[in-house]
Amino acid sequence: MKGKFKLEDIITVIGSINLDIIVKTERMPERGETLAGNNIYYLPGGKGANQAVAIARLGKKVYFIGKKGKDIIPDVVMKNLKHPNINLDYFIVDESLQTGVALVNTTGKRGNKVTLYTGANDAITEEEVERAEEVIKKSKVVVVSTEIPIKTVKKVLELARKYGVKTILSIGAAGTKNREEVKEVLHGLDIVITNERECGYLTNRVISHMETGTLSANELRKLGVNHVIITMGKEGTLLVNAHGATVFHRYGVEVIDTIGGGDAFVGAVAVKIAEGNFVIDAIDYGNAAGALVTMKIGAQEGLSYKEELEKFIAEKKKDEYGKVYKAYNETIKMFEQKSNKIRVNIIKMLGHAGSGHLGGSLSVADILAVLYFKVMRIDPKNPRWEDRDRLVLSKGHAAPALYAALAEAGFFSEEKLCELRKLGGDLSGHPDMRKTPGVDMTTGSLGQGLSVANGMTIAAKLANKDYRVYVLLGDGEIQEGQIWEAAMTSSTRRLNNLCAILDYNGLQIDGSIGEVKSGLEPIVEKWKAFNWNVLEIDGHNHEAIWEALEDAKKEKDMPTIIIARTIKGKGVSFMERKVEYHGVAPTEDECRRALKELGCAEWQTK
Amino acid sequence: MADKIKKTSMRNTYGDILVRLGAMYKNIVVLDADLAKSTQTIRFGKTYHDRFFDMGISEQDMMSTAAGLAASGMSVFVSTFAMFAAGRPWEQIRNSICYPNLPVKIVATHGGLSVGPDGPTHQACEDLAIMRVLPNMKIIVPADSVETERIIEFLATYYESPVYLRLARMNTPLVFNNDYKFEFGKGIKIKEGKDLTIISTGITLFNVLKSYDILTQIGIFPEVIHMPTIKPIDQQMIIESVKKTGRIITIEEHSIIGGLGGAVAEVLSENYPAYLVRLGIKDMFAESGEPDELFEKYGLSENHIIEAAKNIVKNNIKIK
Numbered sequence: 001m002k003g004k005f006k007l008e009d010i011i012t013v014i015g016s017i018n019l020d021i022i023v024k025t026e027r028m029p030e031r032g033e034t035l036a037g038n039n040i041y042y043l044p045g046g047k048g049a050n051q052a053v054a055i056a057r058l059g060k061k062v063y064f065i066g067k068k069g070k071d072i073i074p075d076v077v078m079k080n081l082k083h084p085n086i087n088l089d090y091f092i093v094d095e096s097l098q099t100g101v102a103l104v105n106t107t108g109k110r111g112n113k114v115t116l117y118t119g120a121n122d123a124i125t126e127e128e129v130e131r132a133e134e135v136i137k138k139s140k141v142v143v144v145s146t147e148i149p150i151k152t153v154k155k156v157l158e159l160a161r162k163y164g165v166k167t168i169l170s171i172g173a174a175g176t177k178n179r180e181e182v183k184e185v186l187h188g189l190d191i192v193i194t195n196e197r198e199c200g201y202l203t204n205r206v207i208s209h210m211e212t213g214t215l216s217a218n219e220l221r222k223l224g225v226n227h228v229i230i231t232m233g234k235e236g237t238l239l240v241n242a243h244g245a246t247v248f249h250r251y252g253v254e255v256i257d258t259i260g261g262g263d264a265f266v267g268a269v270a271v272k273i274a275e276g277n278f279v280i281d282a283i284d285y286g287n288a289a290g291a292l293v294t295m296k297i298g299a300q301e302g303l304s305y306k307e308e309l310e311k312f313i314a315e316k317k318k319d320e321y322g323k324v325y326k327a328y329n330e331t332i333k334m335f336e337q338k339s340n341k342i343r344v345n346i347i348k349m350l351g352h353a354g355s356g357h358l359g360g361s362l363s364v365a366d367i368l369a370v371l372y373f374k375v376m377r378i379d380p381k382n383p384r385w386e387d388r389d390r391l392v393l394s395k396g397h398a399a400p401a402l403y404a405a406l407a408e409a410g411f412f413s414e415e416k417l418c419e420l421r422k423l424g425g426d427l428s429g430h431p432d433m434r435k436t437p438g439v440d441m442t443t444g445s446l447g448q449g450l451s452v453a454n455g456m457t458i459a460a461k462l463a464n465k466d467y468r469v470y471v472l473l474g475d476g477e478i479q480e481g482q483i484w485e486a487a488m489t490s491s492t493r494r495l496n497n498l499c500a501i502l503d504y505n506g507l508q509i510d511g512s513i514g515e516v517k518s519g520l521e522p523i524v525e526k527w528k529a530f531n532w533n534v535l536e537i538d539g540h541n542h543e544a545i546w547e548a549l550e551d552a553k554k555e556k557d558m559p560t561i562i563i564a565r566t567i568k569g570k571g572v573s574f575m576e577r578k579v580e581y582h583g584v585a586p587t588e589d590e591c592r593r594a595l596k597e598l599g600c601a602e603w604q605t606k
Numbered sequence: 001m002a003d004k005i006k007k008t009s010m011r012n013t014y015g016d017i018l019v020r021l022g023a024m025y026k027n028i029v030v031l032d033a034d035l036a037k038s039t040q041t042i043r044f045g046k047t048y049h050d051r052f053f054d055m056g057i058s059e060q061d062m063m064s065t066a067a068g069l070a071a072s073g074m075s076v077f078v079s080t081f082a083m084f085a086a087g088r089p090w091e092q093i094r095n096s097i098c099y100p101n102l103p104v105k106i107v108a109t110h111g112g113l114s115v116g117p118d119g120p121t122h123q124a125c126e127d128l129a130i131m132r133v134l135p136n137m138k139i140i141v142p143a144d145s146v147e148t149e150r151i152i153e154f155l156a157t158y159y160e161s162p163v164y165l166r167l168a169r170m171n172t173p174l175v176f177n178n179d180y181k182f183e184f185g186k187g188i189k190i191k192e193g194k195d196l197t198i199i200s201t202g203i204t205l206f207n208v209l210k211s212y213d214i215l216t217q218i219g220i221f222p223e224v225i226h227m228p229t230i231k232p233i234d235q236q237m238i239i240e241s242v243k244k245t246g247r248i249i250t251i252e253e254h255s256i257i258g259g260l261g262g263a264v265a266e267v268l269s270e271n272y273p274a275y276l277v278r279l280g281i282k283d284m285f286a287e288s289g290e291p292d293e294l295f296e297k298y299g300l301s302e303n304h305i306i307e308a309a310k311n312i313v314k315n316n317i318k319i320k
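Chains Y and U supply the protein sequences, listed in that same order.
What the first sequence shows, in my numbering, is residues 1 to 606, in sequence order.
What the second sequence shows, in my numbering, is residues 1 to 320, in sequence order.
Next up, chain Y with everything else stripped away, as it sits in the complex (with noise of 0.2 Å):
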């Protein structure tokens, strides 16, 4: 082996370079329409050439491999690969070629569209890989990208399976290549790592958030991928792999271009990986390379070293609540005791009754928290007051977590709870406003909750009074047609005073919400066409949930909806994102494990 790199944490890259030349627009230009941008730059690109920079500067020993041509532009394209940490001496220069450039329309943070010239990408063989074996052999990770032809990613994806080499597979341009070509060489890798365009091409589906994107992960799963993470933008990350499906959160920070972003990821994964972490460390670290990287234009510009990222995570992990919200004062204390004593008592209650719907009531804990402690007029001593504010909740099943509010809220005493599903009981399996103080209206048969809800708003309108309504929505509810037609009845009759808010923890009975019935998403999308005012948020974040519901009260015109992202089961760790537990009780064992969990000892069965 020549070069200069003693046998360390070696990582080899193999990959593109590419001129990018970009353009930035205050938005995309739509089909037929020319956009004029404010700025032009000639930067290096290229995954691999990026990938490279970014572990170089990350601190890792990097070998790459690539091929350029002749540079439209000079001395741009190598200019941050000449980095003591990277070795180019597998590198190829033919001037008989020309180097790739991407053409980039940028607008920020709304994302970038690249046109790709591929030129001496498309040149490198399987000869000119199988000359660095030895290099290969000696990494402890192999990077490479899907920017170059196929049957070379193939070679080095042998090689380095020969020598028990870690490897990695970005997948870019995956558009440029035969979709079946791509999809072969998948068997046997450790990691693909893909944003959701690319892995919506190879998988034949439109991934717009995490359900289809586990769908997809999967489809690669099957193809004999370890590890399938997909990088989406504003939605965070997604990890498939035996484990089930783990959603990563992106880092909050001020987005100025997102190009690069996907490469930094991959270069601060290959890195942790490199160092022996687990795959998610490593993705952890990647989301914060990406974060970083898409502060500045261009790909590799941004690129951080490795003090500055640890700086940067040290600073965000300090702050529980990241950079959008981070107030932690006493009203979010009190939000986070009043959610944990719902969860406590749903536990609870549901232990007692031996039946009844556990993940969806937890999931939804935070919501009816803040609904129910902060932002709702109601006056629990007089629970049919006519000026109240109304809740219903139209996923009636998640009665559990509605009595366990309404008890604390103080409609009646805690002990009843214990009443839950019991012969004679004030506490019905679904809600009943006949039976139970606070309960505004019967549910339980899914579908109906918005047309009630607009119904209670029209009554408001009617009779001069200023309360609001709110509804609390499932997402598999949604399947249900009533929904639409009540939600085209709201933006009719311009229902400014309701405010639904959809739970989406992206499971219904029978599996995950994209897999029992496509068509969720694009879920933003549906209800803005069906002219509601949507707002979108972390449904277990108080802050952002309080923050949501009073941006809804300042609507004038429309209905407010709030997408709440959240995990079924949140808050019991053996429950979150388990299916299984969406209809069923816990049993003692479990009751006791839960509670302890949420710091709650006690636990006697009665």
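Treat the hints as calculated values from the structure; they're not laboratory data.
Quick caveat: nothing in here was measured; it's all calculated off a predicted structure.
Ideal placement from N, C-alpha and C gives every residue a C-beta, glycine not left out.
Just so you know, nobody snuck in bad clues.
For the chain Y half of the interface with chain U, some residues (derived, Cβ under 10 Å), not all of them:
#1 Met-441
#2 Gln-448
#3 Ala-453
#4 Met-456
#5 Ala-459
#6 Leu-462
#7 Ala-463
#8 Gln-482
Some chain U residues well away from chain Y (every beta-carbon gap over 10 Å; in silico):
#9 Asn-12
#10 Asp-16
#11 Ser-38
#12 Asp-118
#13 Tyr-159
#14 Lys-191
#15 Lys-194
#16 Gly-246
#17 Asn-271
#18 Ala-308
Place chain U on chain Y using the hints.
Only chain U this time, still in chain Y's reference frame:
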């Protein structure tokens, strides 16, 4: 009693009376599902634009919305064709209206065969049965415009329970005059008799009266009872009459299963077993045709009543 042959439209009466009541009761709201011009709720809509809600072709949404309005103190009238008022949103009526006992007034027009030429898809001959099984639901079927008017007046301030009121499509002869008083839950004895009891509901009363004239001429004297309220049904009147006559014919513009005939059968078999003939649609779908033709073909004309009456009286059929 009867102003002969003068026909009026129950629907027009419904529309007009709503307008009158709307002035008296500011909490009356009316919902329709894109059939306001047929149900005549449009008359209310033109007068009280802000209290009229055309919900479009979405009956399930309409029923649940009505529930929300009723839960907030409104006097809610909901109208569409009987087929789409009872059939399509049945589960919404059950779970969002009847179970919480919200006083929604469902005024279903175009009930039974009288929708005629539209054919079986629009002929609601099962609505009474599927409404009758719902706890808390009350059911009323008027015979003419006068009765319709009195019932709507009654319903304007009725908040005890949900109500299903069924109106016919065609113009119907008046059988009652202006002295008529509606008593909820009570039958009306139209004719005293001794040989048999004929109980009708809705517009079939007119055919019963026509058959009455002919039957009395051949020496058969039926007791004629009109039963506008099918639920709760006037048990006492049925039992008292059958104790006298020993046999009953029921007639309704509805399947013989589960409607008036079913209700009377239940009362008789539990209280005073007696011979019963149910005239109505015989567990089948009808067809397109003019209402009169359909009444004749599917067993609801005066001829069918006369035949049935003659048969049981001449053969002295009774339960021993």
